[in-house]
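**Student:** Each protein sequence line maps, in turn, to chains A and B. Reading the first sequence from the start, the letters are residues 272 to 385 in my numbering. Reading the second sequence from the start, the letters are residues 5 to 117 in my numbering.
I should point out that these hints are in silico values taken from the structure, not numbers from a laboratory. Given the structure is predicted, the values throughout are model-derived calculations rather than measurements. Some clues are possibly wrong.
Stated by the list, open to error - Below 20 Å or equal to it, Euclidean Cα-Cα: the simulated EDC-like pairs (lysine to aspartate or glutamate) are:
1) B:46 to A:311
2) B:112 to A:325
3) B:98 to A:311
4) A:328 to B:31
5) A:328 to B:6
6) A:280 to B:6
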Amino acid sequence: DSGVTQTPKHLITATGQRVTLRCSPRSGDLSVYWYQQSLDQGLQFLIQYYNGEERAKGNILERFSAQQFPDLHSELNLSSLELGDSALYFCASTPGTGERETQYFGPGTRLLVL
Amino acid sequence: GENVEQHPSTLSVQEGDSAVIKCTYSDSASNYFPWYKQELGKRPQLIIDIRSNVGEKKDQRIAVTLNKTAKHFSLHITETQPEDSAVYFCAASKGDSNYQLIWGAGTKLIIKP
């Protein structure tokens with residue numbers, strides 16, 4: 272167990288709908304990263320937050336957005352869902368200070384868009 | 005920008021043999037190189053990492069070597085076992101304030117009985 276939690280574990284929804292994925296980082300970690308992993312694909316970096324502020328953006332679609340709250344948990348919002356959005360969504364956290372760059376991953380949310 | 009290439013994409017080895025996965029990076033400022041193992045449907049988990057001030061690091065059957073001049077690093081798994089079957093990802097980081105990792109595409113390791 273990495274200490275990073277994600278809910279829900281599974282999500283089934285229809286095209287055009289909107290969903291929210293939640294991530295709680297390890298205790299004390301300030302930085303949260305979101306990744307998308309399609310079937311048999313690599314890890315696509317979406318976005319990073321540090322202590323409530325957006326720090327870096329990757330290949331995140333305009334239909335997707337995220338935020339990090341004062342208690343440091345983060346939410347990833349996916350809207351106008353398409354079939355191709357079906358994937359595993361991981362969040363990871365790091366302390367965000369010092370030399371501790373190791374990212375610890377949550378168990379992921381498996382999204383299926385029908 | 006930074007790029008990490010990983011080879012091979014698939015590696016099949018006989019149980020008990022060694023496996024080697026190689027990655028090259030483009031940004032000479034990169035100084036942190038982790039390796040993650042991902043079993044089917046599970047989260048990526050860190051198995052070993054190395055910093056640029058070290059040339060080699062070992063942990064039981066797993067080792068990582070780093071060649072800063074050539075900008076490549078490799079994962080070595082000895083005496084492979086069935087439980088080593090997984091997808092392995094390499095990554096590189098400059099250790100700047102973002103601590104962002106640039107990921108390789110992954111290697112599917114298959115251990116043949």
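**Student:** Does each hint hold? Answer for all of them.
**Tutor:** Verification of the hints:
{"no.": "1", "hint": "B:46 to A:311", "in the structure": "12 Å, holds"}
{"no.": "2", "hint": "B:112 to A:325", "in the structure": "33 Å, violated"}
{"no.": "3", "hint": "B:98 to A:311", "in the structure": "27 Å, violated"}
{"no.": "4", "hint": "A:328 to B:31", "in the structure": "19 Å, holds"}
{"no.": "5", "hint": "A:328 to B:6", "in the structure": "14 Å, holds"}
{"no.": "6", "hint": "A:280 to B:6", "in the structure": "32 Å, violated"}
Comparing the model with each earlier hint shows violations of hints 2, 3 and 6; every other hint is respected.
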